[in-house]
Each structure stands twice: as C-alpha cells, then as structure tokens.
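The two chains are supplied separately, each in an independent frame; assemble them into the complex guided by the hints.
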Amino acid sequence: MLFNSLTFLFGFLPPTYFIFWRLKTKTQRYIWLTLTGYVFYSFWDYRFCALMLFSTAVSYLAGRGLLRWDTDQRRRRLCLVVPIVIDLLVLGFFKYTNFALSTANSIWALLDVPWRAPLLPIVLPIGISFYTFHTISYIIDSYRRTIIPTRNFFEFSCYVSLFSQLVAGPIVRFRQIEEDLEKIDRTHRTSTLDLGWSFLAMGMMEKVLIADTIAAVIDPALKNYQQLSTAGVWLCMLGYTYQLYFDFSGYSTMAVGLGYLFGIRIPQNFNSPYKAINPSDFWRRWHISLSSCLRDYLYIPLGGNRGAPWMVYRNLLVTMVIGGLWHGANWTFLMWGAYHGLLLALYRATSGFWDRLPAWLTQAATFLLVVVGWVLFRAETVEMAWWLLQAMFSWRSGAAPAGSYGLVVVLPIAALLAHRLPNVFELRHNWGPAAVMAIGVLFGLCLLVMYGSGESPFLYFQF
Amino acid sequence: MHLEPSWRLGFALPLLIILTFFTDVTLRFVPADRLASGGWSAARRFRQADGSLQPNKRYVNERTYGELAFLGNLPALRQYRRQAFTTDAFGYRNAPGLAQERPIDAILVGSSMSTGLGNSDEHTLSAQLSALAGRPVYNASLITELHSLARIRQVAQRLEMRRGLVIFEYMERFDLPEAQDTGRPHICFRVLRLAGGTGLDGVCSWLRGTIDVSPLRLLAERAYKTLQRDVVFPNVHASNVVQRRLRNAETMAFFPQDLEKFYQSRAEERAVEYLAWLAAELQIDNLDLLVVLVPHKYTVYHPLLQEPDPPRPEAIPYLYRVETGLLAAGVPAVNVSDPLIKQAASDLERGEYVYWRDDGHWNPRGIALVASEIRRTWDELSR
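Each protein sequence line maps, in turn, to chains A and B.
Residues in the first sequence are numbered consecutively from 1, following our numbering.
Residues in the second sequence are numbered consecutively from 464, following our numbering.
The shape of chain B in the complex, shown without the other chains (with noise of 0.2 Å):
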C-alpha cells in the first residue's frame, strides 16, 4: 500500500520524537515553581557557583506539604500549608532588605533545620529569633552545607560584621566534620570562568537550572506517582520514609537515617574538636561562637511512640556529650533536646507537634521553642 510519507512509521515517529523533545525542551524556559516539591526546590535550581540559592527570589505556594510525605508519595500524611520562601541578593533565605541593615548581630549557619525547610519565611528559625531578641540575624545556612569557615567569613564580611556572633546549628544526624567546603564550583562555572571570569557565573546558573531540571519530567514523575499508590502499581517509594503510631494515634513519619543514627554508639570527641576550633578561627575576626545541638525528630518524638521501639544503646545520648565537651572547652552550647522533649510530650494530648507530622522539620512551634532557648543563652553571653 502507498502511504502518503506523513502516515509512514518512519516519518511519523522521529516527528514525535522530536516534538516530545521539542516541548520538553521549551518546558524548560516556563517557570517550574509550581512543580517545585518546596521553595529550596525551587530557589535550588538556578543556584550560584558557590551553591547559594537563586538571588533575589520568591517562591509562593498556598498548598505545599512536608517532604517526607512527597519522597513517600503518602497522600494521606500530608498537611498542607502556606509556605514563602525568599531569598535576597546574596542567595541566602533572608528578607530582601537585611543585608543592608546595620549592624548585623548575628549569623545563623546549619542544616536545612536553619535553613527554614518545610517552614514559611516569618517562621525561619532566624526571622523567629530576630522578632524574640529585638536583634537582626542574618540566616546563612544552606542544606548542602552544613559548615564552611571561609562561607561564614565571606558572608561576615559582606555584611561588614566587625563582632558579632556566629550560631552554628549542629543536628544530630550528621558527624563533624562533614560537608568540607571544597572550594571548587562545578565544572561549567570552571570553564566559563575561563572564557569570562566570574562575569559568566550567572549563565553557568542558569544553563545549569535549564539543562537539569525538566518540567515535563516533574510532570510526568508526578503522574506516574499517582499510579504507584498501591492500587495500580505499589507504592515502591514508601520504604523512603519510616512511619510509626503515637500515643495520640497519630502517624508520625521519619527519615530512615534518623533512625540509623539513633541506634549508632558514637563518639563526641570529633564534634567537639572541630567545633572548638572553629571558635577559636572565628576568634580571629572577632566573631564568637554559640552552638546550638539539635536533636533529629525520632529522638523527640521515640518516648511517645504508641509500641514503643528498643532504647538507644547509649548511656548518655551523644548531644548530651557533645554539650559537655564543648563546655569544658569554653565554647557556648545550648542543647535544645530537653525543652523539645518536654514540649512535645505535653503537647500531644493537644493534637500539637513541635515538628510537622509530614516532613523532617520542626514547626513554627518547634522553631519558637529553639528561639527561645537561643535567646536567653545569647543574652547571658552578652551580659
């Protein structure tokens, strides 16, 4: 039979290659906030050379929820919420005008807890700890990095902090030193600098934003999730997430790690040599040092399990040990496991958490708790 060319095999499914890549091609210049699981997701994609977020951004969602419900793909857990997420022109997640402000009085650094992951702008740990201290605090943290001494100094002097204090957030799950700041950007800046020195920094964020993120991938990951909820196909992405009952009856979800973490007998004496030093480096630009020891979600919420899992098997949990070593060091720490503990224990009856029940992050409760805790210590210090 004679087909007219647009009917044959051959023509007509390269034409439908090249459409699909065409599209998924123009997709990429459409703004994909929308597809974003969250604002760091969106702020993330055109990220700088030394991985700050996208400048000068603002990302708005009425109906986002915790991450933990989306890298399970539980419908069920999630709790929606309004979340903003700014950044100002340095790519930190601050209100546009801060870095401007003078003076500045403190800097905030850590994991995405500080970072404000799962919580609205106003609800940031540092827009928190600013309001209840009557002091501007300039968040700094990236989740990417948990720790970087020339991040901090590169950041005091751009806010041109001659004192001040820097507030290192340590959580749990991670061991120090980690995240060591390498210095070297990704290649693409590596190589355009070499054709236009920093000048060509921006297109490298941006090629990079273009060529990594695809909204027709988002889209079509997001659909062919919706089949995996264990009725057409199994849900292969709840092993993501550990789920457990409370007392309250409740589902509390967690990150698998945390629990890893937990059950791991580990020493103190790293953490606290490092950090140690690391006051004493910030020593020399006259910042000082308070560091605040966060405890991950499954360690608040373990006594209030409704069949409760086997206890840690350390005698003193390692935050607690971590505090004192960094005591008898001079440096100042505040272990905020206690007052989260407390907190959450009476708070259940309530039906009120002080993380989300969806995510891995604390709640605006839980980061009102930390601030406050944050605060009376700062106070003592400057006194």
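With the rest of the complex left out, here is chain A (with noise of 0.2 Å):
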C-alpha cells in the first residue's frame, strides 16, 4: 500500500485517523498505531510481519535490560552488542547474502575455479533497512544514555512500526518524537490539521505531479539505454535527478504530514540538497536523517574528524561506502558511496580553495558532481553505468527519449522548485482562500493521475 494510492487515501487513512482520536489514553493509542502500522506493513507482505515483531521485541528487551543494569557496565555492554548483531543479522542475511554469493561467484570464475555457489530464494523484506535503524539507533542511544528507554511496550513498537515511516523513512530518531508520544493522548486533534494536511498535498504533489511525470518519460529511455544520444543520456539523468530528488522528498514530506495529523513531528528529511554550495553542505542537506546516523553511529566512533588527514578521509570514505551499501547490494551502490566519500575528502582537502570561488559556480559544481554520482545510483549494472558515463563524456549520436514533451514542461518547473524556490519546509504554510483552491486542484490533479496512471511506487521502497 503507498501513500499515493486510493486504497491508502479511502479504505486505510481515514479509519485510521477517526479510530485513533476516539481513543482517549496513551496505551489504547499506541496499540491503535501499532496495529495499523502492521497492517500497513501486511500489505506487502504479511510474512514479514512477524521479522518485525521479533526485531522490535529484540530492541525493547534490550532496552528494558539497559535500564534495569544501570550500573552494571558487562551487561549493559552486551545489552548493546547482542540486539545490534542480531538486527544487522538478520539485515544481512535478507539484503546481502545473494550480493555476498555472487561476488563470491564472480571471484571464482575470475580465478578459474569452477564450482559456483547457488543462489537463494532470498525475499528482501520491505522497510528492513529502515525499522533496523529505527531499532539501533535506539538501543545506541540508550546505552549511550540519550534517552531513557521506555518501560512501555507498546510505545516502543508504536515507534518502529509508525506506518508514516516504515517502509521508507524518513529514520526517526526515538528521541525524535518521545516527546510527542509522551503526550500523544494530551494532543489537540485540530492543532496540527491543516498543517498535516499540506505537508501531505505538497508530498503528493511532488511524487505524482513532479517525479512520475519525469518517470514515465526517463524509465522507459533507460530501458533502452544504449539507443541514447549523448544529449538523450544528459536528459535522462538531468531528469533522474529531480525525480529521485522529489520522489524521495515527496515521500518524506507525505510522512511528515501524516505525522501531523496524529500529533507527531516527524523531523524533515530535506533541505533543498541542489542548492548546496560544496559536497560536504549537500549530506547536510540530502536524506538528513541518514546522514545523521551514519555521522552520529558510524563516522563519529570511527574517529570523526579527530587525527590526522588520511585518518578523516579514511573515516568519510568507510562511512560513505557503508552508506552506499545501505541503500541497495550491488557494487554501483558501494561505487556510488566511494565516489562520495572521495568528493567529501576531496573537498575537505581543498575547501580553503572551494569556499573562495563565486557561490553561483559551487553550486552548479556541486550540483554537477551530484548528477555524475546519480549515474552509479541508477545503474543497474557496472557496465550500464560505464556506458552512460561515457556516453555523457563524449559525443555520440542516438535516440532521444521518446515522448519529450512532457519532461520539457516538467524539467524547468521542477529544476525552479529545487534550485531556486523555497522548500516545503521553509513555507509557512498559512494559505489564503485562493492557495487553499489552488491546491485543492492541484491535489484533485493527483488523484484523477492517480485514477489513471495506477500505482506507482516510490523509488526508496528498494532499499
């Protein structure tokens, strides 16, 4: 079920919402969203329901066990290293064991040797790399005593498996939203309604209206990647690149409204990435909250910028890789987050340099060197990303994508939102009669699209 589909918007929100503020304590709510988070999660797939009820039991036991052997520094320690094992365990196993096998295959063949390891009929769970951030990051941040982990079961599986952010982020942090869930039954329906409700139209309207559009133009081009013409491929990626933009920034600022509307401040995801003026300000800016975690749980305890050079671009680099690695098991993803873990110490090493130049010129650099990155993202295969980077770099002749037109409209109107405009974020969102209309039709648009076009799902769900 995705949040832009009829299903979600007439048969799962809307008992959704009126079943939760009939419900009047702290329990009743958190079971209530427990409930519809899982429900939420059946659709894909019901197997894997019970995947996460045992990660998230994992967790809270852990937990449970960090609290009650406050002092006791062994335990505490193993409380801390068991559920994290078991969580990458079992991430592992669903989302790199084929990668590993066929890896491995592909050294064997190199080497000459010819047994070959089969293959297995692994299902990658949907979400799975999300909910085990979400989980971690609450065992780390309770040994580290952030937080205090919660006595309430049921508050705690509420956070996992909130259905706003489970299948694709943004991470959510417990102590994100502790706050909000401690007074998730003092909450004022009416208070942040309007507020979820734009947020979700503009979430909407940037993944059906914005990232489908270029979609249903680039996909079927990239399909047939090597009838491109050097401009065809340009258009192609140019295009890829505010459709993974605003389709992963749709999907978050849909989450973040749907928090809204039950009392719940998801924090933003996004913070207009193409305006950023050098490598370093666009992680702060794109999929913050993994960004965040990769800094606070990975590159901060690997030494961080602490010692010497080659010890920090060692870190931005081993930090990058795992990070490239996170989104999907294939070499173009490790490729992909190397080639930005060197940008990251690139720029570092010559920031003295880069942060002198016009900002005008840091931002199209920047913006450029992205693109490039989002060629290694998009490839499903080494050689097809060769084949596009070359075909970028030196001329040659081919197709263009059919049916242009539509991205024609739709490139400069999405390159003003992300480069020039203000971001959903920085909008107050205090709209006149005029902009309620306004996107009222541009929301009627969406789903007379969505009527038409089907399901169409978002980009971030495969990771």
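Note that these hints are calculated values from the structure, not bench results.
Hints are not guaranteed to be accurate.
[Unchecked claim] Mimicking DSS-like on lysine-lysine, the simulated pairs with C-alpha atoms at most 27 Å apart in a straight line are:
1) A:Lys223 - B:Lys688
2) B:Lys724 - B:Lys805
3) A:Lys26 - A:Lys183
4) A:Lys183 - A:Lys24
5) A:Lys223 - B:Lys724
6) A:Lys223 - A:Lys95
Set out below in structure tokens:
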C-alpha cells in the first residue's frame, strides 16, 4: 500500500485517523498505531510482520535490560552488542547474502575455479533497512544514555511500526518523537490538522505530478539506454536527478504530514539539497536522517574529524561506502558511496580554495558532481553505469527519449523548485482561500493521475 | 490569519477525497458499457459463479475496434466496426431463443475465437456455421476456460441433448490440458452460499462486478492513455503488441505470445492424448467430438511479411502433428491452417484479410472460411 494510492486514501487513512482520535488513553493510541502499522506493512507481505515484531521485541528487551542493569557495565555492553548483532545479522541475511554469493562466484570465475555457490531464493522484506536503523539507533542512544528506554512495549512498538515512516523513512530516532509520544493523549486533533494536510498535499504533488511525470519518460528510455544519444543520456540523468529528489522528498514530506495528523512531529529529511554549495553541504541537506545517523553512529565512533588528515579521509570513505551499501546490495551502490566519500575527502582537502569561489559556481559544480554520482545510483550494473558515463562525456549519436514534451514542461518546473524556490519546510503553510483552491485543484489532479496511471511505488522502497 | 473552516486545507482536502470516493462509488451504479473495451468486457463484468457471462446481456457499439489496438494504445491501427454482443439466459453468447430450440445439433467450445471476440453476433463461428449447415449450433465458449468436460456436460444437459456433436476449437496458442476446471467458484460465491445457498449468486455477481470495475478509473485511464502517444509521454503500452508490415505495406498487429509460441518446439502427444480422452468421455453421453485446429494469426501471416521473419524451428508444424495424431486415434479433426493461409495470401493484394489487422481474432471473412471447412467435415461425419 502506498501513500499515493486510492486504497490508502480511501480505505486506510480514514478509519486509522478517526479511531485514533476516538481513543483516549496513551496506551490505547500506542496499540492502535502499532496495529495499523502492522496492517499497513502486511499489505506488502504479511509474512514479514513477524520479522519486524521480532526485531522490535529484541530491541525493547535490550532497552529494558539497559534500564535494569544501569551500573553493570558488562551486562550493559551485552544489551548493546547482542541486539545490534542480531539486527545486523537479519539485515545482512536478507539484504546481502546473494550479493556476497554472487560476488564470490565472480571471484571464482576470475580464478578459474569451476564451483559456483547457488543463489538463495531470499525475498527482501520491505523497509527492513529503515526499521533496523530505528531499532539500532534506539539501542545505541539508550546505551549512551541519550534517552531513557521506555518501559511501555506499545510505545516502543508504535515508534518502530509507525506507518508514516515505516517503509521508506525518514529514519526517526526515538528521542526525536519521544516527547510527542509521551503527550499523545493530550494532543489536540486540530492543532496540526491544516499543517498535516498541507504537507501531505505538497508531498503528493512532488511525487505524483513531478517525479512520476519525469519517470514516465525516462524509465522507458533507460530500459534501452544503449540507443540514447549523448544529449538523450544527459536529459535522462538530469531527469533522474529531479525524479529521485522529488520522489524521495515527496515521500518524506507526506510522512511528515501524516505524522502531524496524529500529533507527531517527524523531522525534516531534505533541505533543498540541490542548493548545496559543496559536497559536505549536500550531505547536510540530502536524506538528513540517514546522513546524521551515519555521522553519529559510524563516522564519529570511527574518529570523525579527529586525527591525521588521512584518518579523516578514511573515516569519510568508510562511512560513505557503508552508506552506499545500505541503499542496496549492488556494486553500483558501493561505487556511488565511495564516489561521495572521495568527494567529501577532496572537498575537505581543498575547502580553502573551494570556499573562495563564487557561490553560483560552487553550487553549479556541486550539482554537476551529484548528477554524475546519480549515474552510479541509477545504473543496474557497473557496465550500464560505465556506458552512461562514457556517453555523457564523449559525443555519441542516437535517439532522444520518446515522448519528451512532458519532460520539457516538467523539468524547468522541477529545476525552479529545487534550485530557487523555498522548500516545503521553509513555507509558512498559512494559506489563504486562493492558495487553498489552487492546492485543492492540484491535489484533485493528483487523484485523477492516480486513477489513470495506477500505483507508482516510491524509489526508496527498494532500499 | 483566521480562515473560515471551509477554506482550510484540513477541511478542503478531506472533503475532496470524500467527494472523489463518492463519485467513484456512484459511477459504479451507472452502466459502464461505453467504457468497456468491447462486448466481452461488458458482459464479463457481472459474470456468474461458474465463469459464464452476465445472462441476457445486450451490448451494441457502432464504433468498437480491435483489442490489439486497445492493448497497444495504437489509434492509427484501429479498424472501427459495429459490434453487437448478446448473451442468453445461461450467460453464453447466443441469440436469446436458441437454448429453447430443440434439437440442438452441436455445441461449440473453445477459445476467444469461438467466443467471437472482435466480431458481431451474426459473424461468430456458431452463427455462421448454423446458417451454413442449417442446423443449430450452441456456442458454449468462454475465453477464460478452454475446455471443461463438466461444463460441456452441464450445457448438454440444459439443452437436453441426447446425442449430438461437440465442436472443440483448439487454437495453436494454447497447450492442452490447460485451464482445468477447478470447480471452485470465487470466494464471494462460496461465502454467500454458506448463508443463502445458490440463491445469492446473483448478489455476488453484482457485488463483484461493482467492486472490481470503476468507471471513474476507466475514464481516467483512457484520458491518461491519450497522453501516452509518444508526444507528451512515451507509449509504454506499445510493447504489448508486435507490429509487422505486410507485403502490401499495411501494418498487421500480433500478440507477442503468438510469436513466442511460433518459435517454440512443441510435442503433440499431450494434446492428442487429452483430446482422445475427451472424445471417449463424451461418448459416454452419446456426444461425438470434432476437433477444429486453428492457427494463430502470426502463423497465417508469417509467410506474407514484407521483411521475412525467421522460419519456425519445426519441420512439421505443431497443429499438423496434432491432426495426424488425432486421426490415428480415431478422433475427427479438421485443420484450418492451410485454407486460412491460402486465403490470406490470395486476399492480400486486394487489401482483404482473414483476420482483423487491429485484433488477434479472425474477421467475418476468416470465420466464414472456417465455418465452411467445419461444415464439410460435419457433413461427412453425419453420413
């Protein structure tokens, strides 16, 4: 079930909302949000609800253990290490087993070893990367005493399975919504109602009217990418750059809106990343929840900015490679992560020079570097990535994407929104009648497009 | 700024969703035949527990066109024509009074070719064969089920057939036995039958048809498809169809699966064994079996392509081997491949065809040819 689906808007959201606000106590509301989260998840694959429940139970018990053994360092360490290992083993099994096996097979092939490991029929549970990070962040924050673990299982399970962020983020840390969860029985229904719908509508428009319009042109073109000309490849990759942003940002914006409808403030996940003036700034603006988790739970424990320059570069590279791998079990994601690690390291080494350049130049250069990185992100294989990069930087004749008029209309709008106009979080959401009508018309158009084109999954669902 | 409640997004957008929902629900109670892709779709909406169509349905459209043009979103390929699609009280495509005629000499079962997709009532195989042979032929074909011994027996019983002929149209695209009769109706029927027996079957047909089909969605899909014509958006539906140019420079559309099947090597034993078994079973009910072996469109037009495609891998095509096997097993069979291929070749220069260019099915001309071949064999069997 997708946010941009009629099943969600007609069948899931109304009863979830109305029953939630009819319930009075905290625990009732926690239980309801937990249940609805599992119902939401079960639309994807009900079998993996048990896995999510298992992960939730393990982390909850770890939290209780940390509460109980407040001064016993050895047991606290066990409560930290064991559940994280379990979570990572589960994630590793489902997400990386076949990647490891196929990589090993490639190595055997290179070494002329005749044996091949059979790939396993593993289905990747949707959202596992996200809810695993939720539980791991909870355990680490509890261990570090950044938060006090909750005794209420349903409060914790509600946090893990909250449908608005469950399958594609943002990666919300417990401490970010702890206060809202604590006062969930005292929140007034209408206090953030308009704000919630404003975010929901904006996110829907980003996804349905911009991202999906771009996808309708470039996805068929990239299926036969070897027929594209240099201009065609650039058009497609530029399109993908905006498609990915509006798709993911749209989802996150809708998640924030949905959170507001239930009195929960989900943090911002995108802050106009294509306005970034250097690679480091880009990662402060793009997928903020992930980059901050990587910073707090990986980069800083590795040493962060401390130590010799080569150690800092190493830390950056390792963090970004792991960040790349988090996105998917494919060499292209690993290369993309390494690419951004390299950019961060290079920027760090040359920031004295870079930062003195005019802002328009650094912004353009950063954007260009990011577009190149998205080639690696979008390509299904290393060969495809290499072909696209070659086509982008050496002239080749070929075809333009079919049906490009839609792109010609949408791309300038996307560029204006991404590079110049305020993002959704920078707006006041204090709309007058004319604006409400305009938003209503665009939202109605979204509904018609959803009717006409069917369901269009979010790109980050695959992670 | 303090706004009146109706101007707030927290009121306006939920209201819009509710209005859209109610519009969707309301439109489901409005006849949606105009939005159907043809008579079959219209009649199938409120189909019955056993898969037969909505009984006593009458669909008429002066401007239908072929399913390949529809599937591929290819307006340039459309051949507009009138189509009447009528079902009888049992939910099969026959003239209303036919089921009451006595005696009924033959039952026709088979694929969408026999159901008469793409053609009007008067041009279907059963109608043309009835007119040609001067004997009533009852059309019990449903696309969703190639064959079903249970269904044939049920129809024969309803028609009070003490003896007669079952004409089994077997199209090359399918493998036998396929579409086994599971005997289990949709869960809706099973649930309601627990409550009220078969008396509630009509309720379930109506419920399922109302829930499954959204006219608002059909309208929106059509509107969206008009944007997907390689101008605003690429036509992603084009890959549902294979287009080839014929020697007379006209375009002919095919199902991709027909090309796949054409280039497959297939063993005929299973089909022969199954049909021989079916013949033996039908004998128990005093029914004779006549198998009509029908090539798919690509087989017929493959020799007439402007730029030839590779030849099929088999030295003797599948249907010819099935025919040989059936005759050896004592099952009467008529293979209409040769007549259709010859007619298609001789008609091409005149711009005439035996199949619709925008559809996977034969046209009235092709059906007439097949009907005459069946009639000849039927007459021989009757002697």
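Okay, the hints, checked on the actual structure:
no.	hint	result
1	A:Lys223 - B:Lys688	holds (20 Å)
2	B:Lys724 - B:Lys805	holds (21 Å)
3	A:Lys26 - A:Lys183	holds (8 Å)
4	A:Lys183 - A:Lys24	holds (12 Å)
5	A:Lys223 - B:Lys724	holds (25 Å)
6	A:Lys223 - A:Lys95	holds (24 Å)
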